[in-house]
Each structure stands twice: as C-alpha cells, then as structure tokens.
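> Chains as they are written, first to last, in our numbering: chain A, 1 to 113; chain B, 1001 to 1095; chain C, 2001 to 2539; chain D, 3001 to 3161.
Calculated from the structure, these hints are not laboratory results. Values in this document were obtained by computation on a predicted structure and should not be read as measured data. Don't take every hint at face value.
Claimed, not checked - With a cut-off of at most 30 Å between alpha-carbon atoms, the simulated DSS-like pairs for lysine-lysine come out as follows:
no., chain 1, residue 1, chain 2, residue 2
1, B, Lys1094, D, Lys3093
2, C, Lys2403, B, Lys1094
3, C, Lys2119, D, Lys3067
4, A, Lys102, C, Lys2412
5, C, Lys2076, A, Lys102
6, C, Lys2171, D, Lys3065
7, B, Lys1094, C, Lys2483
8, C, Lys2397, A, Lys108
9, C, Lys2119, D, Lys3065
10, C, Lys2222, B, Lys1094
11, C, Lys2180, D, Lys3067
12, A, Lys108, C, Lys2171
13, C, Lys2490, B, Lys1094
14, C, Lys2281, A, Lys108
15, D, Lys3067, C, Lys2027
16, A, Lys29, C, Lys2322
17, D, Lys3093, C, Lys2076
18, C, Lys2031, D, Lys3093
19, B, Lys1003, C, Lys2180
20, C, Lys2027, D, Lys3009
21, C, Lys2173, D, Lys3067
22, C, Lys2281, A, Lys102
23, B, Lys1094, D, Lys3067
24, C, Lys2076, B, Lys1094
25, C, Lys2171, B, Lys1094
26, A, Lys29, C, Lys2397
27, C, Lys2468, C, Lys2171
28, A, Lys29, B, Lys1094
29, B, Lys1003, A, Lys102
30, C, Lys2173, A, Lys108
31, A, Lys102, D, Lys3065
32, D, Lys3093, C, Lys2171
33, C, Lys2222, C, Lys2171
34, C, Lys2322, B, Lys1094
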Amino acid sequence: MIYNIPYFAVIALILIGLYAILFRRNLIKIVIGITLIESGVNLFLITLGYREGSTAPIYTLSPGGIMSMPVPQALTLTSIVIGVAVLALMLSFIIHIYRHYKTLDVRKIGGDD
Amino acid sequence: MNKRDFLALAFLTVIAVFLVFSVVFMFDEDLHPFGEPTENDMDQYIIDNTQTETGADNGVTSVVFDYRGFDTLGEATVLFTAVAGVILVFRRLKK
Amino acid sequence: MNIMDHLPALVVAVPLLGAFLTPLVGKVNDKLRNIFVIFIAGLTCALVFLLANQVFTDPDGIITYVFGADTEDTLKSIAEQGNPLVRILFEVDGLSAFMAIIGSLLPLVAVIYSWSFMKEHTGLDKYYTLILLMTAGMLGMMLTGDLFNFFVFLEITSIASAALIAFYTDKGKAMVAGFKYIVISSIGALFILLAIAIFYAQYDALNIAVIANNIQYGFLDKIALVLLIAALGMKSAFAPMHMWLPDAYGRAPASVTFVLIGTTLASLYGVLRVCFTLYGKNLAATGSNLGSLNLTPGFLLGALLVVLAIITIFVGVFMALKQVDLKRMIAYVAVAEIGYMLLAFSAVLISLYGGTSPNTEVVSQTALKGGLFHIFNDALDIGLLFLVAGAIYYATKETSLNKLGGLARNMKYTTIFFLIGLFAASGMPPMNGFASKILIYESTYQVNPILSVIAILCSILILAVFVKVFHSVFLGPEHVSLKNVKEVPKIMLLSMAIISGIIIFFGLFPDVVVNNLISPAAEALTNNKIYISSILGVI
Amino acid sequence: MSGMSRIVKTMTSTVFPFAMIFGLYVIAHGHLTPGGGFQGGAVVASACAMVLVAYGSVWTMRKIKEKHLSVLESLGALGFISLAFLGLIFADKIFFDDFIMGPNGIGMIFNNAALGESDIFTAGVIPLMNFAVGLKVIAGLFAIVLVMAYATVKVKEVKSK
C-alpha cells in the first residue's frame, strides 16, 4: 500500500492542475495548471514502467539484473517535447494578449479590439 | 470564503475522494501495484532484442528511433510546428 | 521499389516533406512556393485516392503498413510465433480511407483559394508550412492504428491550427480565440494521454487492434472511455464544450477555417473509432434490465450521446439566430451540423444495442450511412459557406451583417455559390445535404419520432437563418461604402466552383457515393472483428 | 531585454563552451548512454539561451536572425525525414527501415551492433538520426526563445542601440 505513493502523487498533481485551470483567472496560472496536469500524466507513465529493483534499460556499463521497461520512458520523452512546444505557443499568445488588452485577467480580455 | 471558491473546493474534493478510493480499492483487480507490472511481453521483447535488432546499447533510444521511430518523426514535427507558429505569431505585419 | 506498396506511409510523409521544404522554397520565390504547395497538396490528394481505391478493392478491405519492418513478416511472427507487436503500424480500413479523402480534399482547395485570398499578408511561408502540417496531422490521425501515434498527430494538428487561428495578430480577439483553442486541445490531448497510459498499464500494448482484442471493460477501462469521449468530444465541439468553435472558426482566415472543419471531423472520427472499434466487443455485453429495456453499455452510450446531440443541435441553431457576424453565424450552424452527425451515430448505437425496434439491422445501417454521408456533406456545405464569407470579406473588408447589403449586383458568381451552399446546408432537395439528412430523419424516426421531428424543425430554422442572411447581405439596398465592390479574383471563384460542383454531383447521384464510398466505411465501422483479426490473425 | 553586468557576461563566456561540448557529447552518444538528440539539443539550446540572457536579445539578434535558425531547423527536419525516405530506396525498401544495419544493410562504418562495447560507430541509422534531431532541437528551441525575448523588448530600446 505505502509503495503506491507515486499514484497518489499523480492524483495530487492532476487535481492541483485542474483546480488552477478551472478556478484561477490569471492566464499564466492557467498555463501553469496545464503543465501541472502534464507532469502528473508523465509521472503516471514513468511509474508504470518501473519494476522492483530494476536498473535503467541501457547495456553500456550495466551492472546486470532486471531492467525497467523502456517504452514508457520513450513515451514520456515524446510527451515532454510536445509539452514544451505547446507551452511555447501558449506563452506567445499570452504575450500578444497582454499587448492588446494590457491585462492577464480572463474576465477583462476578449472585448473589442 | 465566497460561493465560487466553495464550489471549487467541493468539486475537487469529490473528484479527489473518487480517485483516491479507486486507487486504494481497485488495485488487485486492474491496476498493478507500483513496481510489479505483470503484463510486460512487449517491453521484455524490446529489452531482449535491442542489441541484436537495432544495434543500440540504450534501450530507450532503440525504442525512440527504431521501434517507434515514426512517433519521433511526429515529435520532431511538433517542435517544428511550434517554431513555425511562434515565428508566425511574432511576424512583422507590414511588408 | 513499387510505390503502390508504400501508399499508407507516403500519404503522411509527402505533406510532411513538403512542409519541411516550404520555408526553403519560399526563400527563392513567392510564386514558386505557391505552385510547390499546390503541387504537394494535389499529390497528397492523388495518393489518398489511389490508397482508397486499393482499400475498396481489397478482399478484406484493410491495408496494413508496418513502419521499419516488413509488414508480412511482422504479422506472420505475431500470428504464428506469438511475438508482441512492438512497432507502429498504419491500418487503413474503409472508414479511414473515406475520412482521408475528406482530409486531403479540403487542404487542396484551401491552398488554391489562398493564392489570391492571402496575397496581401506577410508570413506566408509559415502559413503554407502550417497548412501542410495540418494536412499531415489530420491524415495521420485518420490512418494510424496506434493510440500513441494518434495522440502525437492530434497534437501536430492542434498546434498548427492554433497558430493559424491567430493569424491576424493585430486583432486581439483572434489571439484570444487561438489561446482558447490551444488550451482546450492541450487539456483534451492530456486526457487522451492519460487514457493511453491506463490501457498501457493493463494490457502492455498501444495498438488499437491489440487493445480491442484484450479489453475487459473493467473499472479502469470505463474511466478511460469517459476520458476519451470527453477529450475527443471537446475537440469535435459537442454541446457543453462547443464554446471554442465559433471563436476559432469566426476569427481565423476563411481558408484556414476550411481546413479546420477537417480537423474537427478528424476528432469526430476518433470518437467513432473509440466507440465502435476499441470498445466494439464490450458494447453488446449484457447489462441490468430496466423494465423492457436492456441497459447494455452500447445502449447507455447511445442514450448519453443522443442527449448531447439534441443539445448540440439546439445550441447551434438558436445561437445562430441571434448572431450579427456572418462568420460566427455560419460557425454556429456548423455546431448544429455536428449535432446531426452525432444524432445519427447515437441512433446506430441505440438501435443496435437497445434491442427495442424490430428491424434493427435496417435502421442501424440507414443511420450509419446517413451519419457518414453527412460528415462529407458537412465539410463541403459549411466549407463552401465559409469560402463565400471569405470572398465577401476579401471584397468588402467587412463581415458584420449590419454593414453589408446589395452585394448581388456586383458579385454575381459569389451570390450563386452562396445560394448553393445555403440550400445544401439546410438540406433542401436537389442538394447533397438533403440526401444525407433524409437518411438521418428516416432512421431516427424508427428509434423515436420526437427526435426526427426536432431534427426536421431545426433544419427548417437553419434555412430561415440563411434566408435572412441572404436577404440582408446580397439583396436589399446597397450601402454607400459598397458601391465600388468588385467580384473576387478568378482563382477564388475556381476553388468555390470545385466545391459547388462536388455538392451538386453528390446531390444528383447520391447512390453512386453511398454505394462506392459510404458502404465500405459503414461495413468497417460495424465489424471490428476484421480490424482485429487482420493484425492478430484469426481469433 | 538588455544585457547584464560584466561579471555575468564573463562567466557566461567561460561556461558556454563547456555546456556546448557536453550537449554535443550527449547527442553523439545517444545510442550508448542516457540521452540522445532531444536531450543534448536541449542542453546546447540552454547554453545559447544563457548567452541570450547575459548579452541581451538585441545584441543576440544582431549576431543571428531567426530566419537563419529557421532554415537550420528545416535542414534538421529534412535530414531526419530523408533518413526515413532512404529506407524506401536501400536495403529492405521499407519506410523508416534501418537501411544501414542488418544483413542487407549498406553501411560501411555504422553496420555493427554495439553489444556492450562503447563505440560511436555502431547502431546503424540511430546516431545519424540523433544528429539530425539534435540540429533541429538546437535551432528550434533557440529560435523560440530568441523570438519571444526579442518580442518583449520595447521599441525605444531597439532604436537607441
């Protein structure tokens, strides 16, 4: 039971992220919420691939013994790069929105140009 | 505490209770405990064959660039897309 | 090397290669770049048609392509030696091929249209790059047989679309629309990734066919189903989550909106794939009884979707009535059209798994054909209307209905195209919209008469909306500022004429389309055993 | 963003080559040790971003334009997809096939398995793909950071420099 702490961390990260997206009004905080959810999902993926007592799946200078699963690590790598790309685009939108409306509050943006 | 924050907390509490409950009680049926994945044919196959089939010592790299290389093409494309998007958004508007 | 053996890979690889080359070609010459992009889009379209022809003539109706290894060897080692499937593969069945035809036709017309529509703007190198990337992403989503690969292509599509929605960077609202779209789609994509992780945890597989074969419909699978439907429904604008669509469609350049319709439909394809193929085995599982109703998972899912469909139609139609902006109005009608498709597919689920109506087979087949046909028709009709709206914007620099009027005098051809789009979108007899909507009315009447009455009434309301628009924009007194309006350039008229031609052809010969395109797709959708057995051998 | 103090600039100049070499090492040994094209590319791009922070975006923009970075990135992406397309032409004639390794492979130097011996010239097409992706990531990430930093500079500042 206590070994399942990673799963609880995943739940906590996703919930904090959801909270930030749904109930914060600052655009930057919404973006932070999205990255938190993303970290949660990445942690979940990585957690799935762990076998008890295993080493990294790399044969160079390997100490031997069982290796952890390589596919979740590859998926996480892909997902991290995608996260960076999305983050860059969202932040550039925010820069532009700030230029137009001089505010980051969701309630005050979206009016006439 | 205003009404909105109260609603927020109530909503998140419900989800949290539901998820914690599901993690605690559903382990034996569906999800395996941390560190003991039981179904791992695919990953064991990769670990056993990475050196002979792809020639790479690094199992993760062999997945990223060989077994699931097409995903990596997509991933590189995502980055390319983001760069094109950012440059498009910050372009000069007048010729 | 025989090119015919590699079509599934080339369909995605060619637009990707084109996208990577476009910035380099753009350094040479603008005209050369435009020709190059049109060539790449046309080549993609031709490859898709060749692939579709292969799929429709194949005895099983499925073409598989494994990346990085010989396809036949891989499939043989899975079926005979029991090796796990580690590589990514494309699995193209009738439904994928049908969707891919839509997904390659829209960008082709859009790039032809952009030649003069976007001429005055800067940053066109990146614009064309992103259009090609959207095409590649869309086609990848439609053809792939791997869940994680689907996620990656979904992200390519949504990032490219978001950047293009915000193309008019000097307008604050366009930036807000782009931001909304990227937030919605990245949250949706993360939900999908979570669902993929849940599948991976249980079955150690990422391939759709392998998961569909092993799926148990346990507690975690139900969570994954909810996550997938919520995320893909969000991306294909089902009612409570439709808020991004009018903003995005309304603020983007018309040519981008035209391709955006394709990406929305690609997400809808994802919903169908998840419901019918991934969970196909579990839909008919026996559930508890409620009176005479047997609450199978398929019936419950259908009941949920039918509620969403009705709300979507209502929201779309009634919000369209009160819009004063032409593009936003058409966008709300697009929401309503998505509701019609959803109505058809939920009718399929209810009639197949509810077990109430006597002639289940006929009803479900009719509904399925109507829904699939309507996917194509929606892309064409709404797309044509957006192209016309773009042409009006090009000529007058105005989209507000209050400031437009009397355009029919100076823009004769545009007026004719708008009339064609109007009749088609509201389902009037000679056009294609009628051919698909009549199938939907017929089948939903068998499920529940009230549903079809609502559908017909809303369709009439859509006609009312457009007649009002037609009157205020094209007829009536001419505004002073619009005295010198000229007809749009020929190349824009050409692209609108292509779409109108297809609309009229579909309207006059619906049987040809239904028999040759729709039937294989419907067959592929209802029979997921072939989808599984073509990968895993006979089960 | 204008430049920072002289201390920061000097430290940056000292650290930059080491960060660069470490990043290139990670890229080159992607198939042997933890890391690869993405990770190494991110390290090099961070080194470039450090220069950007220390010297200011206006100075950096004068040295290198985002146009050039965009071309470099296109070249990296083209290299990657060409390696995939070459699989169609050589060896087993399959898209994304490792056309250098294996019994039908055409490779002269990369055509042998690593099997635990650390050697850069192994693993077929993987090191080449690592280099292509590395180039792409360096150019891409640096272009994003550069464009975003330059966009937040006030117009007055650009004119005064």
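> Taking the hints in turn, state whether each one holds.
Evaluation of the provided hints:
no.: 1; hint: Lys1094/B x Lys3093/D; result: 48 Å, violated
no.: 2; hint: Lys2403/C x Lys1094/B; result: 27 Å, holds
no.: 3; hint: Lys2119/C x Lys3067/D; result: 21 Å, holds
no.: 4; hint: Lys102/A x Lys2412/C; result: 44 Å, violated
no.: 5; hint: Lys2076/C x Lys102/A; result: 62 Å, violated
no.: 6; hint: Lys2171/C x Lys3065/D; result: 26 Å, holds
no.: 7; hint: Lys1094/B x Lys2483/C; result: 28 Å, holds
no.: 8; hint: Lys2397/C x Lys108/A; result: 27 Å, holds
no.: 9; hint: Lys2119/C x Lys3065/D; result: 25 Å, holds
no.: 10; hint: Lys2222/C x Lys1094/B; result: 53 Å, violated
no.: 11; hint: Lys2180/C x Lys3067/D; result: 28 Å, holds
no.: 12; hint: Lys108/A x Lys2171/C; result: 15 Å, holds
no.: 13; hint: Lys2490/C x Lys1094/B; result: 26 Å, holds
no.: 14; hint: Lys2281/C x Lys108/A; result: 49 Å, violated
no.: 15; hint: Lys3067/D x Lys2027/C; result: 10 Å, holds
no.: 16; hint: Lys29/A x Lys2322/C; result: 34 Å, violated
no.: 17; hint: Lys3093/D x Lys2076/C; result: 19 Å, holds
no.: 18; hint: Lys2031/C x Lys3093/D; result: 35 Å, violated
no.: 19; hint: Lys1003/B x Lys2180/C; result: 26 Å, holds
no.: 20; hint: Lys2027/C x Lys3009/D; result: 35 Å, violated
no.: 21; hint: Lys2173/C x Lys3067/D; result: 28 Å, holds
no.: 22; hint: Lys2281/C x Lys102/A; result: 54 Å, violated
no.: 23; hint: Lys1094/B x Lys3067/D; result: 17 Å, holds
no.: 24; hint: Lys2076/C x Lys1094/B; result: 59 Å, violated
no.: 25; hint: Lys2171/C x Lys1094/B; result: 14 Å, holds
no.: 26; hint: Lys29/A x Lys2397/C; result: 36 Å, violated
no.: 27; hint: Lys2468/C x Lys2171/C; result: 28 Å, holds
no.: 28; hint: Lys29/A x Lys1094/B; result: 33 Å, violated
no.: 29; hint: Lys1003/B x Lys102/A; result: 28 Å, holds
no.: 30; hint: Lys2173/C x Lys108/A; result: 12 Å, holds
no.: 31; hint: Lys102/A x Lys3065/D; result: 28 Å, holds
no.: 32; hint: Lys3093/D x Lys2171/C; result: 49 Å, violated
no.: 33; hint: Lys2222/C x Lys2171/C; result: 43 Å, violated
no.: 34; hint: Lys2322/C x Lys1094/B; result: 36 Å, violated
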